[in-house]
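**Student:** Reconstruct the complex from the two isolated chains, following the hints.
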Amino acid sequence: MKYMEPEHYGHTMNKKIFRKKIDRVDIKWNVETGCCTYNDAPVVTMWLLSTYKGLMESMRQMVGKKRLHLALQKEGRESVEDDWRIIAQYETLDEGVRRHADLAALGGWGRNELVKIDYQKQAIIFRNYNSVEGRYQEDIGGCYGSGLMAGKFAGWGEKIFHVPCWARQTQYIAHGDVYDEFHVFPSSKTIEAELDGLLQTDEATRADMAVAIKRLNDEIGERKMAEEELRRLRNYLSNIINSMPSVLVGVDLNGKVTQWNKKAEETTGVTANAAQGYTLSEVFPRMAPEMEKISESIRTKKISHERKKLSHLKNETCYEDVTIYPLITNSGVEGAVIRIDDVTDKVRMEELMIQNEKMLSIGGLAAGMAHEINNPLAGMMQTASVMANRLSENRNIPANLKAAEEANISIEAIGDFMDARGIPRMINSISESGRRVADIVDNMLSFARKSESIKLSHKLDGLLDKTIELAATDYDLKKHYDFKTITIQKEYEDNLPAVPCERAKIQQVLLNLLRNGAQAMQESRTKKPRFIVRTRCEKSRKMLRIEIEDNGPGMDEDICKRVFEPFFTTKMEGVGSGLGLSLSYFIIVENHGGEMAVESSLGFGAKFIIRLPLEV
Amino acid sequence: MSESRKSVLIVDDEASIRQSFTDYFEDRLWRTSWAESGEQALEILEKESPDATIVDIRLGGMDGDTFIREACRNNCKMVFVICTGSPEYIIPADLQKMNGVSHHLFRKPVTDMDEIEKELLRSIQNIDMD
Chain A
2 MKYMEPEHYG HTMNKKIFRK KIDRVDIKWN VETGCCTYND APVVTMWLLS
52 TYKGLMESMR QMVGKKRLHL ALQKEGRESV EDDWRIIAQY ETLDEGVRRH
102 ADLAALGGWG RNELVKIDYQ KQAIIFRNYN SVEGRYQEDI GGCYGSGLMA
152 GKFAGWGEKI FHVPCWARQT QYIAHGDVYD EFHVFPSSKT IEAELDGLLQ
202 TDEATRADMA VAIKRLNDEI GERKMAEEEL RRLRNYLSNI INSMPSVLVG
252 VDLNGKVTQW NKKAEETTGV TANAAQGYTL SEVFPRMAPE MEKISESIRT
302 KKISHERKKL SHLKNETCYE DVTIYPLITN SGVEGAVIRI DDVTDKVRME
352 ELMIQNEKML SIGGLAAGMA HEINNPLAGM MQTASVMANR LSENRNIPAN
402 LKAAEEANIS IEAIGDFMDA RGIPRMINSI SESGRRVADI VDNMLSFARK
452 SESIKLSHKL DGLLDKTIEL AATDYDLKKH YDFKTITIQK EYEDNLPAVP
502 CERAKIQQVL LNLLRNGAQA MQESRTKKPR FIVRTRCEKS RKMLRIEIED
552 NGPGMDEDIC KRVFEPFFTT KMEGVGSGLG LSLSYFIIVE NHGGEMAVES
602 SLGFGAKFII RLPLEV
Chain B
14 MSESRKSVLI VDDEASIRQS FTDYFEDRLW RTSWAESGEQ ALEILEKESP
64 DATIVDIRLG GMDGDTFIRE ACRNNCKMVF VICTGSPEYI IPADLQKMNG
114 VSHHLFRKPV TDMDEIEKEL LRSIQNIDMD
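First to last, the sequence lines map onto chains A and B. Each residue of the first sequence is one higher than the last, beginning at 2 in this note's numbering. Each residue of the second sequence is one higher than the last, beginning at 14 in this note's numbering.
Here chain B stands alone, though its shape is the one from the complex (with noise of 0.2 Å):
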């Protein structure tokens, strides 16, 4: 983590979510960028390719899986976590088959910050190895 930074694609359409995820990755060194919708992020991934993304669901227009489903057409190498507001919210089938896409679905509020870190960091560690 020292020699070589990560990178974070944060993608939410709430603000203060948004900042607070922004806030925390950058105090861990972090480096981080953000988008409010799918589309925005699709964009951003035309121009960078960070090692991870963290996907809300309910998205202003395409939802969090779309993105995820459009982001992976181009079988680009990055890590997916979602993180949802919605209770009823379960990983599609297809996206759980997916490498990059992490099991492990955080509900807001993450009231442990430090969690989503250490999942960020262990699934772009499998990536890696694979």
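Chain A extracted, bound-state conformation (with noise of 0.2 Å):
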């Protein structure tokens, strides 16, 4: 480190005053009046080397070299201002640099001296002597010029030639030079644009590196905030889609999956993944008739409804609602989407319904007509009944015999007579008939009481028995089938709850549903005939079901839609008056509030099945 004695230096001396090198500047102290000076100018402040060195090193590593330079020469252009006023209030120029560098060596700042100045060529060598910015860098050992000075001598070249000036320094204490030279010259230079460079050549310091990394950190962050948060909302959405009990498939323009909910998995058996990119028809066969409406939807931007269609699934028939959006979007259509509803158990209530309504409808007129059809009835019917009496029963009554013997004919010879003419047969077939229509109009009326008795407890598997048993006794000729050859296979769940229901007319729907597998048996000649009567609690419908199974000839699609209808038969002329399941249908439904369905295909025998709700 070396010490430039300033040339100017004054040596005046006190007895009251001492003097003192505090950090290499000489300073007078005045123990009088406790004040300081330097240069006979009051010294209120000092710094000390060691502490700007230690700030000024750890600012380097922070910031560089070059971005501290650059710092300190903008600062260094913060006081140009302020020394421009203690210049110019001198004559010349040389004179107010030489003024002022007394007070800024006093400040500690070295010696600042003008050695040149050429106005026609715009150019100043400025000098400083003991600078501090040179000796600190020495000490720390990085030079990286003085930038404060730089900036100083800048911002006074700018003063001098009233244009944009910079500093360039030639000469470092800090490199050992003897001084700290500077030229200046005008420039278009400027500390933001060269800060700017700095940035440009990816110099980045430690500083930069943390507010980058900061910057990272912070818009990693959001990003992953926004990430998580459309994370969340896919999330919810494809819930909402996955939670949707319809099939819900989107399609691109070629009919490419684009979107598989979690119905449209279980239906096909077809996972999401699988599905993605493949035509829809490929996937999903059952839609490929579809197509074209898809396209068509595609084409017009029209909504398209298909209602009820029927399909066949594992034998089963199915209904289901096809609808076909068009995704519609600002640039245009991006594809469909398609839903698939599974309408079945609507379409087959809609269908129990108006058989309801239709029962219902009959019972109405039912009550209406029986009053007008049993009298005349009754007019028949007992008529024929007195005739049969005085005709073949209770020939012998005393008017018969008076009438006979007025007649002058014996009433042995009437009756042989009406025996040859087959006349009791004759009044039979009337009887045999009225009492046909009698219960045609019973059984219709039934349709019309809603039944509202008490309905006691009962337990089905003793019923079903007592049913069974009733069954084969009833052994008709003239339908020509034998109960007893029927094999019967019991399945009854243990300890089946007793269920409320009128004991008579449930039995009646068992005996009629037996009676009628039996004659369906029985006229197709199945071999090896046979009834499962099967029973169980269905807990969480709060149901007991039971179901009677035959082996028989089964119905086609047809009669089974038909089967619980008013009048429909499939009996001869004369053997069913059609009303029996319809009937058993309306005590279960209506009566009871359970449900009747039946199960068939051709060939393979029926199966009618019955629930009744557990509690009223």
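If you're looking for bench data, these hints aren't it; they were derived computationally from the structure. For each residue, glycine too, the CB sits at the ideal point set by N, CA and C. Warning: the hint list may mix true and false statements.
Unchecked claim - So, partial list: chain B residues that the calculated Cβ filter (under 7 Å) puts toward chain A: (1) Ser29; (2) Ile30; (3) Ser33; (4) Asp36; (5) Asp40; (6) Gly98; (7) Ser99; (8) Lys121; (9) Pro122; (10) Val123.
Stated by the list, open to error - Here are some of the chain B residues that sit facing chain A, going by a computed Cβ distance under 8 Å: (11) Tyr37; (12) Glu39; (13) Arg71; (14) Pro100; (15) Glu101; (16) Thr124.
**Tutor:** Here is the structure:
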């Protein structure tokens, strides 16, 4: 470290004044006034080089040499206005600079000197002896130039030449030169542009890194949050789509699958991943006939509805509503969404409701008609009954005998005649036919009667046993069936709960089913005819299920559909009224709040399913 | 039955039904009379007092229930058996309490005429014992 003695340094000695070198600066200390001066100017503050050095070293490490240098230049320029106020007070630039240098040296800045100025070329050379910047840089062993001074001199140049200037340092104390020297010249260089240039060259400092890392972290955090939000939203939407009870499938303009919800997976057995990108008809063959409609819908931008589309799944008949929505976006049509709803239950329910409606209207009609039919029927049947009495059964009643005598005919002869002409058979036929009419009217009336009688709880397995016994005695010559030849296989669930029901009515239903089945098996000459009678408790539905299954001829779909319809019968004319099953249905559904259904296909027997609620 | 012939009044607006009952009971050696309305039946009851009456409910003028109430006003000792073609009909409570009114309701058509005769005889016997 070199110490340059300033040339014009004054040496005034006084008893009361002590001289002290503080950090190589001569300070006069007046012990009388307690005032410290340097070059007659009071010194109120002083810095310690070591402090400054430490500070700058830390700064350099943080922001880097070049950055720090530029920052110092900027700081130097900040002081130009203050400097110039001092310099401009003097007549010549030379003197102004010298006076200012006195003050600056006092502040520890070292001594500035205007070495040379060329107004024509607009060039100045400044020097700084004993520069604090140079000295601390020498101390820390790193030279990045005396930025404060450079900034200051560039600013002075601007003041002198009235054009933007730049100061280039040519000599460095920190490098062992005697002084710091600066060449000042007009330049369009700016500190800001230089700083930008530094940033462009990727010369990142730790501070930059810290800032960048912080920014990056913030950005990552924000992006993460956005991604999280996006993920959550996507999840939410897909949950909605997957929770739908409908099959929801998205296709692009070419009919390739883009969206495939859970119900679609369940229905087709194809996972969403597997379906992605395939043509809909490939992964959902059932939809092949819909492809035309999908293109149509995309082309016309119109929603297409198809209701109750019939399809056969695993031998079961299903009804589906198929809706095709074109996906219309701002830029046109993107594809289509296909929604498939299984409406089988709904359709079945509608069918049953229509059936119920039919039966109830028949019931209403029957109630009105019954009286009108019963009266003439009574006239007919009761008269037939009297005729039977007079002509066949009780021929020997006094009135007959008297009339025969008056007609001069023996009652025996009349009897022979009647028998020969089949009169009793004819009367019998009248009575029999009349009885059937009466039965039909009575059965029809059952539809009108809303049963409100108290229903007691009955064990249905016991009731089934009783009914089977009863059916076994129902040997009917005319209908040519013998219940005893039929095997009965009972599959009762243990500990069935009792069910509130009208015993007689339920028995009527069961008997009717057994009879129908027996007749059907007999007529079709079913080999080894058998019934399976099952009972199950459906706890979840709070229903008790009874199944009566035969291995007879079964029924096709059309018959299955109509089997509960009033007056629908497949039996020979005169054998069935066509009311048995509809009456059964009415008893189960209307009177007991239960359900009745049939499952059958041609050649595979028939299964009737009855469900009765476990509680009223 | 042999020593004293029972008598029955048949009240029904349907001729063929009246006739069938009349024929049946005549064959069974009952004395019969008939009316086609409640009003007419009440007139007959002023002159005759049959053992039993078979009453239809839906009649042209007053209905069967009213006829029975009217007929019983004079506390006559007579049996009433109701025979109706109306499926929803039930015997009103006040009639059920009456001594002579049979609780056995016959619905048309009566497929077994013997049943109604039996019921008439049973009711007549009951009322005689009172």
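**Student:** Would you mind marking each hint as holding or not holding in the structure?
**Tutor:** Do the hints match the structure? See the list:
Hint on serine 29 of chain B holds. Least Cβ distance to chain A is approximately 3 Å, under the 7 Å limit. The criterion of a C-beta within 7 Å of any C-beta in chain A is met by isoleucine 30 of chain B, whose closest approach is roughly 5 Å, and the hint holds. The closest approach between the C-beta of serine 33 of chain B and any C-beta of chain A is roughly 4 Å, which is under the 7 Å cut-off, so the hint is satisfied. At about 4 Å, the closest approach between the beta carbon of aspartate 36 of chain B and any beta carbon in chain A falls short of 7 Å, and the interface hint on this residue holds.
Satisfaction of the interface hint for aspartate 40 of chain B is found here, the shortest Cβ-Cβ separation to chain A being roughly 5 Å, below the 7 Å cut-off. Hint status for glycine 98 of chain B relative to chain A: holds, with the closest Cβ pair at about 4 Å, below 7 Å. The beta carbon of serine 99 of chain B is positioned within 7 Å of a beta carbon in chain A (closest approach about 5 Å), and the interface hint is therefore held. The criterion of a C-beta within 7 Å of any C-beta in chain A is met by lysine 121 of chain B, whose closest approach is roughly 4 Å, and the hint holds.
The closest approach between the C-beta of proline 122 of chain B and any C-beta of chain A is roughly 4 Å, which is under the 7 Å cut-off, so the hint is satisfied. Among the interface hints, the one on valine 123 of chain B holds; its C-beta lies about 6 Å from the nearest C-beta in chain A, closer than the 7 Å criterion. Below 8 Å, beta-carbon pairs count as interface contacts, and tyrosine 37 of chain B has one with chain A at about 5 Å; its hint therefore holds. A least Cβ separation of about 7 Å between glutamate 39 of chain B and chain A falls short of the 8 Å threshold, and the interface hint therefore holds.
With its C-beta approaching chain A no nearer than about 7 Å, arginine 71 of chain B sits inside the 8 Å limit, and its interface hint holds. Annotation: proline 100 of chain B was flagged as interfacial toward chain A, and the flag holds, the nearest CB pair being 5 Å apart, inside 8 Å. Interface hint at glutamate 101 of chain B: satisfied, since its Cβ lies 7 Å from the closest Cβ of chain A, which is below the 8 Å cut-off. A cut of 8 Å between beta carbons decides the hint on threonine 124 of chain B: the least distance to chain A is about 6 Å, and the hint holds.
In this structure, none of the earlier numbered hints is contradicted; all agree with it.
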